[in-house]
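Chemist: Residues per chain, in single letters:
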Amino acid sequence: MDDYSIIKRLELKDSVMLAGWMDDASDIGQRTLDYIIRQTECELCAEILPDTFFPMSGVSVVDDVAQFPECKFYSSQHRNLLVFRGNIPRMDWYRFLQAVIDVAQIYRVKEIYTVGAMVSVAAHTMPRILVAIANTAEVKSELEPYNVMTDSDFETPAGQKPTLSSYLAWLAGQRNITAVNLWVPVPFYLVQAEDPRACKRLIYFFNDKYKLGVDFTGLDAEIASQNRKMAALFQKSPVIESYVRRLETGEGLDAEQSEQLVNEVLEHLKKDG
Amino acid sequence: MGIKYLREVELVNPVMVACWPGIGNIGLIAVDFLRRSLMAEELAYIEPWEFFYPNRVIIRKGVIMEVGFPGSEFFFKRTASRDLIIFTGEEQPAEGGRVYAEGSKAYRMANMVLDVAQKFGCTRIYTSGAAVAPIHHTARSRVWAVPNTARLLDELKGYENTVLMSDIEGREGQGNITGMNGLLLGVARRRGIDAVCMMGEIPVYLQGFPFVYPKGSKSVLEVLTKALGIFVDMTELNKLAEQSELELTSLYDKLPSEIKNQLDRLRQSTVAAPESGEVITEEDKKKILEDIDKFFKRGGES
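So the sequences go chain by chain: A and B. For the first sequence, the working numbering assigns the number 1 to the initial residue and increments by one for each residue that follows. For the second sequence, the working numbering assigns the number 1 to the initial residue and increments by one for each residue that follows.
Because the hints were derived from the structure by calculation, they are not lab data. Incorrect hints may appear among the rest.
[As the list claims (entries may be wrong)] A few chain A residues that don't get close to chain B, going by computed Cβ distances all over 12 Å:
1) Asp-2
2) Asp-153
3) Asn-207
4) Ser-225
5) Leu-253
[Unchecked claim] Using C-beta positions, here's what the derived DEER-type ranges look like:
6) Arg-90(A) x Arg-36(B): 32 to 40 Å
7) Arg-246(A) x Glu-290(B): 39 to 47 Å
8) Glu-290(B) x Arg-95(A): 34 to 42 Å
9) Glu-259(A) x Glu-247(B): 30 to 38 Å
10) Ser-258(A) x Glu-247(B): 31 to 39 Å
11) Arg-95(A) x Lys-4(B): 15 to 23 Å
12) Lys-4(B) x Ser-57(A): 58 to 66 Å
13) Tyr-146(A) x Lys-4(B): 34 to 42 Å
14) Gln-118(B) x Arg-90(A): 48 to 56 Å
15) Pro-145(A) x Gln-243(B): 55 to 63 Å
16) Gln-243(B) x Glu-251(A): 37 to 45 Å
17) Ser-250(B) x Pro-145(A): 58 to 66 Å
18) Arg-90(A) x Ser-250(B): 38 to 46 Å
19) Ser-166(B) x Arg-90(A): 35 to 43 Å
The C-beta atom is built at its ideal place from N, Cα and C for all residues, glycine as well.
Okay, chain B solo, but in the shape it has when bound (with noise of 0.2 Å):
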């Protein structure tokens, strides 16, 4: 059990790019769309059987033809300005119903993605996420980066549309990032390669809805590009945004009024440290998810 790799190449210093689902999928709808855009080709994968319970099996007049399970898959690149492993997971390796992976098994997946990255001389790691934030959806989602050192604290100050959790009203510096995504960090951290995590912002009133946000994937690919120093055409993933929006506003048009009233006070709510006194308070935030998930049980009617 372990890596399986599919090809020798050699790589010039290059940085990985890793991502599990989350929220929103907006981690993995950002990663997965550089990978198809760069057209980067298999490098190895993580056998699963150790992490995952199979997701599909087929049947073929009654016999068994295939088990399928959740890909843990690494793919390179060379580009003109640096060469790229991107890492993306199908499911985090989570047990006992649990969405976002921990314990050893969570680790262990985490120290084999490592090891590739090891192997190939990475110098620097980049995984991505969501971070649930009191926006709303017609706002452009902001990025919270978050190194695993404080070396790296300038350098993400100068990115565009990028916070810092200590810009964050309240958070003061601190926050967690849970799963492969965060996990990722620290264990990159041990073994002392650099990493940042890049967050794209998801509306708080989204987050407990299995809906992706592919608006906060495309702040994500803005930055994390710029970073990178490469470039990607957006137009397929900034159709998919406006497409999400239109459909999140017709849905958001069909709330009743008092949810939607609550929600509108959100538009103001569109920088790190809101000055209006309009704003949603923790116990606002409680009640409107509180009436979302009360209008959705009831199926939509108003």
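For reference, chain A alone in the conformation it holds in the complex (with noise of 0.2 Å):
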């Protein structure tokens, strides 16, 4: 039996498809695809069946709400476009990787774009740079047009295991497909909050590549909204400013100084709503 349940079968070719992960930093796989899913119409398509790769021992309860794990695609044919979010499985995360693919293959997807935070030091209000790992050398060059940064070294450090979505990179390529792991710096103070320059430096590169037609007016409304919110709390708490100031100079903070940032901001942001 497959892992996998198609719900509508549209015709794509040479498709490309973006795909993220539930409750990272910032939410910043949900939120980033669940725009790009609005303003291109996707339509649910397909979904990984649940029941092989989370504990279904009960639900957990978020802000008063059951959850469920849900792993679901979308698609638009006229964007020539598959969109795949999801939480993370618990286990049996080479077979769940692999339906992914099969899900991909089906819509004859040709480039799987992952996105996904990484906790940066800098300031909110840096530019954001985008860190491309890719599967092949090859589409490197594809990349260097975007402003993507494609020349980055690492290796997982003791006790700690490779990213999701650098393992789906790795399976795709073995099923010669070609997968980038798209990484978008957010900063350390808003972690547990929206960062929705994140979320635009992300889709922009989308749009800017593949011509989808996004209208940013909304994420443009909400990182006004949250300008307006900082700008609050910097006036009512003047050292809280300093702190930032120091990141956009590079200057760093310590230990103390980094926690009450992360708390001041997180709790005028959740008070403002």
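Put the two chains together into one complex; each comes in its own frame, and the hints tell you how they fit.
Modeler: Next comes the structure, spelled out in structure tokens:
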């Protein structure tokens, strides 16, 4: 029996798949992909069946609401686009990712991009440089015109595990599908809050490269709203503003200052909705 | 997916020694030391995808060069007394954040290991692990031996520094061996293959910490090599055990006196059925572990 279910079969060809995970830093995966799904009028087309990959041992409750794992694909025939957004599986990762790639192949995906956040010590006002990790050197030249960093070196430190996105890209390579992990920096003090600038940077890349016709008005409004909230916080607490200014100039903060920044920003943004 | 053989070899009535990580890595250190000392050669490996999440990625100039997985490897060695197959698993095929494997994946891996054992005609399997015991780290670890058939009990009774579960005070021959090192015994029994698990003792107060405990490994290897009838130069492992004891003693000396006083009582508790009235009770044990835990959570300040 397949680990996926096809809900609606749309004819795509040499399509691109964007993929991301729920509950990462600043909810970057979900927020970025939801915006793209709405803007490109993608429709639900397939899902990974949850029972093999998640312990069916009850539900978690978040903000008073019972949750259940979701791993769904959306597609737009018009844009030749497939979007996958899902919870990170708790078991059988290899089989799970093979199922994701199986669905991608049904929709004739040629390239996979994953989106994710990397925690940064830079200020939220600083330009966001995307970091791309590819499963083949050939794709790097295609990324160069889009102001993306493509020459990173990295080795998993002892005791840590590679990301699921890296694993997906590597497995896609085994099946001759080009894949790129795109990482956007998210300031450490926004990890538990929203970061519309980070989402915009990612969406801007996809819109530029694949001509998705995204209207940024909604995201710009979110950025403006966050700017207003941060300005109000700076007025109320000049020390917080001084911390952010120090990050803007590349000066670091000590552990206590960093903690104060995280707590006050989070409390302020939450309070103001 | 399955077992990949790296070479064709003919082995005569080999014995298999298999091990996965566990408390203090007692078994794995012993078996890996055996493998290295004998300069055992690669024989086969179990493909990892089905069992493990990757444990490393190497990225160079923005390109994924390599994704690595925990190894599950077989080695072989022909010795003068007998042929050996050595299996080491870098991780247990556990899920959901557990350390020890259980469920269908664990069962599948145990069967794959035994498929290799049977392919080469292994007549005996040894696994190894840790036995959490109320002993002091200055004491010599004994080896708790558990066979998967009563036929082997008499043989095991003849091993030096080795006890059966029934020799352990309060156990009456009962107990559990968690994870792959135990499961392999059960699955071997199901297939009619004799198997023994040899567990080196580790002090009860070290069980929750990420320390290796080479003293336990040394005891296991002493018994195992005797059972296999092979000689291994133990110099390196002896040094490692001595070094570990020195480091533990240095840490021990920094413990608050009330914890140390309680642990000192374990110095007397080095035999299977202690006769002194000053031994550690279950309640004492719980309190000691809680105190030590608190000590380490405070960052080792006394």
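Chemist: Now, for every hint given, state plainly whether the structure supports it.
Modeler: Hint by hint, here is what the structure shows:
1. Asp-2: holds, 17 Å
2. Asp-153: violated, 6 Å
3. Asn-207: holds, 22 Å
4. Ser-225: holds, 34 Å
5. Leu-253: holds, 23 Å
6. Arg-90(A) x Arg-36(B): 32 to 40 Å: holds, 36 Å
7. Arg-246(A) x Glu-290(B): 39 to 47 Å: With a Cβ separation near 43 Å, Arg-246(A) and Glu-290(B) satisfy 39 to 47 Å, so the hint holds.
8. Glu-290(B) x Arg-95(A): 34 to 42 Å: holds, 41 Å
9. Glu-259(A) x Glu-247(B): 30 to 38 Å: At roughly 33 Å between Cβ atoms, Glu-247(B) and Glu-259(A) fall inside 30 to 38 Å, so the hint holds.
10. Ser-258(A) x Glu-247(B): 31 to 39 Å: holds, 34 Å
11. Arg-95(A) x Lys-4(B): 15 to 23 Å: Check passed, 19 Å falls within 15 to 23 Å.
12. Lys-4(B) x Ser-57(A): 58 to 66 Å: With a Cβ separation near 35 Å, Lys-4(B) and Ser-57(A) fall outside 58 to 66 Å, so the hint is violated.
13. Tyr-146(A) x Lys-4(B): 34 to 42 Å: holds, 41 Å
14. Gln-118(B) x Arg-90(A): 48 to 56 Å: Taking Cβ atoms as reference, Gln-118(B) and Arg-90(A) lie about 34 Å apart, which means the hint is violated.
15. Pro-145(A) x Gln-243(B): 55 to 63 Å: Since Pro-145(A) and Gln-243(B) have Cβ atoms about 57 Å apart, the given range 55 to 63 Å holds.
16. Gln-243(B) x Glu-251(A): 37 to 45 Å: holds, 43 Å
17. Ser-250(B) x Pro-145(A): 58 to 66 Å: Holds, since Ser-250(B) and Pro-145(A) (Cβ atoms, about 59 Å apart) stay within the stated range.
18. Arg-90(A) x Ser-250(B): 38 to 46 Å: Cβ of Arg-90(A) to Cβ of Ser-250(B): about 40 Å, so the range 38 to 46 Å holds.
19. Ser-166(B) x Arg-90(A): 35 to 43 Å: holds, 40 Å
In summary, the numbered hints that this structure violates are 2, 12 and 14.
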